[in-house]
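Residue numbers (full-length UniProt numbering), protein chains in the order written: chain A, 1 to 343; chain B, 1 to 301.
Source of the hints: derived by calculation from the structure; they are not laboratory data. Worth double-checking, as some hints may not be accurate.
Some, not all, of what chain A presents toward chain B, calculated at C-beta under 10 Å [as the list claims (entries may be wrong)]:
(1) P161
(2) F273
(3) V317
Taking lysine-lysine and the DSS-like style, the derived pairs with C-alpha atoms no more than 25 Å apart in a straight line are [to be verified]:
(4) K296/B x K230/A
(5) K338/A x K299/B
(6) K86/B x K338/A
(7) K10/A x K299/B
(8) K299/B x K86/B
(9) K230/A x K292/B
(10) K181/A x K52/A
(11) K181/A x K166/A
(12) K166/A x K213/B
(13) K292/B x K86/B
Keep in mind it's a predicted model, so treat the numbers as computed, not measured. Cβ coordinates follow ideal geometry from the N, Cα and C atoms, glycine included.
Letter by letter, the chains look like this.
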Amino acid sequence: MRVDIKGFAKPLVESLIAIVIGIVVGGIILAFSGYSPVKAYVALFDGAVGSKYGWAMTLSAATPIILTALTFGIGARTGLFNIGGEGTVYFGAIAAILLTNLWGNILMGLLGGIIAGIAWMAIPAFLKVLRGVNEVVSTIMLNWMAYFIALYIVLQKIPNPEDPNKTIAVPASARFPIIMKGSELSWAFAISVIAALITYYILWHTELGYELRVSGYNERAARYGGINPKKAVIWSFLLGGIMSGLAGATEVMGRPPSYAISQGMANIYGYGFDGIGVSLVGRNHPLGIIFSGIFFGMLKAGATAMQIEAGVPLEMVRMVQGVIVVAVAVPGLLDLLKRVVRR
Amino acid sequence: MIEAVISTLIGALTAMVPLVLTSVGAVVSERAGVVNIGYEGILLMSAFFGAIFAEITGSPWIGLLGGAFIGMLLGMLHGFITVYLKGDHVIPGIGVNLLALGVVAFGIPAYWGTAGQHQVPTNFRVTPIINTPYGSLSPMVLVTIAIAILTHWVLFRTPLGLRIRAVGENPEAADALGINVERYRFLATVYGATLAGLGGAFMSVDWLGTVTKQLSAGRGFIALANMVFSGWNPLRALLGGFIFGFFDNLSVWVRTNPEVQRIIPWQFVATLPYLVTLIIVAGIIGKVRPPKADGKPYKRE
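Only chain A is shown next, with the shape it has when bound in the complex (with noise of 0.2 Å):
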């Protein structure tokens, strides 16, 4: 395998520099809004870094939004702008519970996460080819119709008798094994590890990848080389699905205490939304994906000791990501930087 070091130097960078621009914009945000933007990072990225606890728990943050990522990734590899998976996310975690307290293993719990996650995902697949339906507009559409469904099954379908905060739980027999204890860590991260290197072989290594990739680039090249673009289509939202699917069952077969929806959904919200802004700093690229997941991931992990001991709310870690997104946006930020630099 080669590895094509000059090419990856320059989106490299220019992810690196959105990720300062971020952090830069969110500590002027902070400074405005009354808080001590130094305390704050100092206290984000020693409570994500500074331990082997806080990597823990780093990487059991990283590890549903490099799934979700990877749905996002796939879709731009193929041209499409598929941001649907934040409603795949629901039904991959609500069909992991369902299945695995049918039959109490992993296996199960996994492919409950991987169907649920193809059947969501197979409605704007083909609303697209049949109908030409813009998949921006039907996946933020289905997103909704998805958090209202379910919720409804979360608090009528499958309450918790015992407990009203959250669901039936997924039974001890399917549960991942934890990597540290006391930690939130468990072996599902491998699976997100695992999933991003699968979509790197399937994406260059194989014809269907090949047939995805080509079909992004450019539609018309593509069917000019007797490529089929609609079934480009319908494949990448498929493998999209799959990837947030599992991120759903991952998340609560994987990551203690609740091993359960918790209230309001809380434990499994946003996944598809931080998804975006991963796989765009990733350049859209799996192997990208794993370390800007990693990195949202920390941001993730320090926010809540960022709220502890500075006291700023967590959701500001939301809004650097958002910051990172808008950089990400600038065509090249490096050439446009050095320009300005020299001036």
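Chain B: place on chain A using the hints.
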């Protein structure tokens, strides 16, 4: 019976406002060739800042203008990246949407010290012009209708409108005629975002009277769907906005109506605006055509 009709009508007209303002803005922006999917975030952020402006100054109208101002700033950011830097049209929109989630979720506890939700006091809200026992009509409804009609007139009946449409259909030809493609595209983008900002502030200081981190609730995207539905036509966007507003209002009404909740779970009714949007978009696509150069960066040869 009459009461129900009046209250439904007023409710739909009210719920129509943010959708129509955003759709009409999006029509102008895309007619000039700039795609912006960041309206969801613009609605949310301007709702948040609109409420702050209203509470600081004591005037809901300044709140509305403040929201429009925030929209304008975000429009300038989008226009700068897409028009002048020739960046991708979709990614900055995604960024603004994510940014808004963060800013508002961070801002509510940071500014008001409450978790998740802030109620805007009634004395900072817009006074209705018509009060009936079945609901009240905001002056913003009339403003919205006026803006839609005026925008339609400018877009299709004036030289300015012709130029806006030209840069979205055929920027090369427009450029050859001496039209400053970049300037028109930039200003059209800013106009679209400003209208969305006005619509966002309307939600917090007039219609819903509250700020939450889910306040926009997909309306930015419903507005985009409505824009497609309208065939990039402001007057049809007004009509479509009324239809979408009806379902939007219906779902808000059902969520708070215990009678209905006994028959059907509120969560199912809450999916209605989104389901209707999907069905309408799936039903009419193929009959409409976006402006030719929509979403394509224009680089001078």
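Structure-based check of each hint:
no. : hint            : result
1   : P161            : violated, 19 Å
2   : F273            : holds, 6 Å
3   : V317            : holds, 7 Å
4   : K296/B x K230/A : holds, 23 Å
5   : K338/A x K299/B : holds, 21 Å
6   : K86/B x K338/A  : holds, 17 Å
7   : K10/A x K299/B  : holds, 23 Å
8   : K299/B x K86/B  : holds, 8 Å
9   : K230/A x K292/B : holds, 22 Å
10  : K181/A x K52/A  : holds, 11 Å
11  : K181/A x K166/A : holds, 23 Å
12  : K166/A x K213/B : holds, 22 Å
13  : K292/B x K86/B  : holds, 17 Å
Checked against the numbered hints above, the structure violates only hint 1.
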